[in-house]
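K.L.:
Based on the hints, put chains B, C and D in the right spot on chain A.
Each chain is listed here by its residues.
Number of protein chains: 4
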Amino acid sequence: MEKIKVTVWNEFRHEKSNVTAKGFYPSGIHALIAERLNQEPDINAGIAALDDPEQGLSPEVLEQTDVLTWWGHAAHDEVEDKLVDRIQKRILEGMGLIVLHSGHYSKIFRRMMGTTCLLRWREAHEKERVWVTLPSHPIAAGVSPYFELANSEMYGEYFDIPQPDEQVFISWYEGGEVFRSGCCFNRGLGKIFYFSPGHEVYPIYHNQEVQKILVNAVRWVKFRGNGSVFPFLGAQIKIPLETIAEKNYHSAPIDHPN
Amino acid sequence: MEKIKVTVWNEFRHEKSNVTAKGFYPSGIHALIAERLNQEPDINAGIAALDDPEQGLSPEVLEQTDVLTWWGHAAHDEVEDKLVDRIQKRILEGMGLIVLHSGHYSKIFRRMMGTTCLLRWREAHEKERVWVTLPSHPIAAGVSPYFELANSEMYGEYFDIPQPDEQVFISWYEGGEVFRSGCCFNRGLGKIFYFSPGHEVYPIYHNQEVQKILVNAVRWVKFRGNGSVFPFLGAQIKIPLETIAEKNYHSAPIDHPN
Amino acid sequence: MEKIKVTVWNEFRHEKSNVTAKGFYPSGIHALIAERLNQEPDINAGIAALDDPEQGLSPEVLEQTDVLTWWGHAAHDEVEDKLVDRIQKRILEGMGLIVLHSGHYSKIFRRMMGTTCLLRWREAHEKERVWVTLPSHPIAAGVSPYFELANSEMYGEYFDIPQPDEQVFISWYEGGEVFRSGCCFNRGLGKIFYFSPGHEVYPIYHNQEVQKILVNAVRWVKFRGNGSVFPFLGAQIKIPLETIAEKNYHSAPIDHPN
Amino acid sequence: MEKIKVTVWNEFRHEKSNVTAKGFYPSGIHALIAERLNQEPDINAGIAALDDPEQGLSPEVLEQTDVLTWWGHAAHDEVEDKLVDRIQKRILEGMGLIVLHSGHYSKIFRRMMGTTCLLRWREAHEKERVWVTLPSHPIAAGVSPYFELANSEMYGEYFDIPQPDEQVFISWYEGGEVFRSGCCFNRGLGKIFYFSPGHEVYPIYHNQEVQKILVNAVRWVKFRGNGSVFPFLGAQIKIPLETIAEKNYHSAPIDHPN
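Residue numbers (the working numbering), protein chains in the order written: chain A, 401 to 658; chain B, 401 to 658; chain C, 401 to 658; chain D, 401 to 658.
Worth flagging that the hints you see were computed from the coordinates, not collected in a lab.
Chain copies aren't distinguished; within one or between two, either way the pair holds.
Restricting the straight-line Cα-Cα distance to at most 25 Å, the calculated cross-link-like pairs of lysine to any residue (SDA-like) are:
no., residue 1, residue 2
1, K405, E435
2, K612, R529
3, K527, P640
4, K489, Y505
5, K638, A524
With the rest of the complex left out, here is chain A:
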């Protein structure tokens, strides 16, 4: 079996500058996630960061990536537009995308959604309870009907995204909000999963339920569809599949002229 090639991308700034973030993620959020993913026999995860050459995502790396996970926060604007173009192209060609937490406001997620992707938020160390709302979905496999995060950053509705194709999780917050925290989208040949838990100053990516969901998500966003449509995107089909009756269209009557 060929392994799923995952590139775990991280802005990787907070973990250098913020003592709490560094405490929970000494080698970066991406390193922890990749380490966990690599425990799975069918996954081969590498890491990439904003300050790497070519912002971590050279054309070659992207070409080799089946699934890209994205964590960014303070430096969304530093991601180059031409890189966003390349990532978008790869997703539409079938690369899976998993967008994590504050990645909701990344250039690539906003590009794929077409909306502001804005939300209400509060950083108050409050409890989040994540509820399963689509139990038939593989991304929900193996977790409880709900699970709790003792400390979370609140992300609340209205969350400005298109209606997801599948709404897998909805979160409850101690401070009074709800949030569509696990959202699936089909875009081109690609699949996208947005998952909101994961603030840098909380140990959320150490949580086993969260980790199971990330593993499930990698498998779900991995392309398993139909690549044969790709060469026909934008194609002019000069020879019709069926015979078209000849007619003098220039003299076609206008049914209801003004």
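P.N.:
Leaving out everything else, chains B, C and D in the frame of chain A:
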């Protein structure tokens, strides 16, 4: 009753250069559509074109527009990016958008969808039959279970768009293709309707069924929702709605450290 | 303008036997709702109850009803199956349906959904906060980004319904749950809105936000679609719309016989 | 690896009485489909028919079935209601369902959909061309952008079903119709795929593209979700997850009494 303010935007190039297009639409596609819309007591439609000052859509005009209809084809690239930014912003604030025919590849539609919006196509004067697939939808009101266009440009699947929230029409083509020809999307506070019939060298906008659909669509995309969420987009909610228990989150146990 | 004919159906048992329910709704939940709806110039609402002749919904009444609202709880099983058949038929023909609170487990809602429509619940006089999650939707018009109900019966996920076509509201509960509290479905020519707030021992239907939503919902579920498809449901189309090539299909080669 | 247990159910009447059906499917449609599925290393398919004891689906058989495929046509009414009840219950518990062709009007499909599931139809040995409309979906894997069936029974819109969660295929017919021919639905813990090609007097189930789709569909409808929510369906949660403030709800003010 306050009328719905529609701006019918048109690239307005083919009707000047192509004799057939000019024959069917001597004052432009936009002029014909606006004239038809203005027959309705609740609609007040104006026109705008690419070669007008500010490409027809000054901030003032956009601000005054409840519903924008968009026809473009050969000059998509000439539309300025800053104008696309402004239109996107207005849609997300609640302006309705109706995208017509070759507008599928306009910058604004691609921006809103996040996909290539490419499709297969053929210009062979072939018959198109438009089928109603969601009869509960107001946009389908007043038309037959299907209607025919004697000459149409073929637009065929795979059409690279997100799954519509509501699929109102699907078209059959003489040459062998099918197409999702009437698609509804919610984006931010705005509503979007894509309608594929309408090539410039065919008298499609003279067709009464097509005209009924455009009238219905104007009424449907007109904002009638909830504007109160707007000020909260991106808002930090410092004072929680509910009391949040105090805890020493720095010492929060890591459930499952690596 | 012809008014929208609404029939507000109620089981109408609790308000006779439970002193609290009677206190809030002395003439029944249905009477209060109908009274409120009748304040609107475009609505004409009547009432009907389980213990009325023909369980309140004779064929004549159903035939005259544009929109049916349904409140039931303790006596779901008493509703006759043949009545459920008639209501289902009317919905698929275009009658709008609004299902309220414990009506989630009514025969008619389960019939329309195909699922158990079960949920988690708790009656503990707890706070519910209803959040708008689709601000472009007319049912959300005129209410705040969220509104609160001081005392509510908790309805929590997983709620066993098909994914709604449009998810307008999601609720937060003091006791820790979330719930998809405002759900839109297209079924046949009909539209269905499920709205969960509304327990009989709380004055929820006196709340102005709730009342606005009910008014909005009546207007939204009212049929404004395409009735012309109805005669073609199940129709055999002997004469094809297009010429079908003659062929000896009996001798058609089997492409890949086993 | 544990194999996916499939039960291929067939009405199995036409293949006994109709010489053409018998010619293409001498042992029945179900036997051919099961034989093909059993070529896959991860699938273990058995067969069942209407005239078998307990109509082929005893509680024990159903309990052992991961995926049920359903072909019926002339004898829908003979399927016992109590069997339909059992099948529905199993689907909602996670059994996958694949409904084939004329199974659109089976009791179980109508039960799961809540609509009439009626459509327009014509039996005229006409060409059908099946187009992929959601290339990211695993059910579309391995087939071409479209494929053709030389002879098919026409099934045309309006097809009275709820909007599918995912629309994988749309068909073109020689005689002028279109049809949503490959439709995915989530219902409870179960997944449902409806696939329309497959009339009994055409060798459609011998077609390799059709066979690939059936194999893909078996894998997709197989439950891989979250069974943990099941015990909570309908559960009363007496002890809240969070503390609920005490209040005298009987004296709660009515905000806006009539």
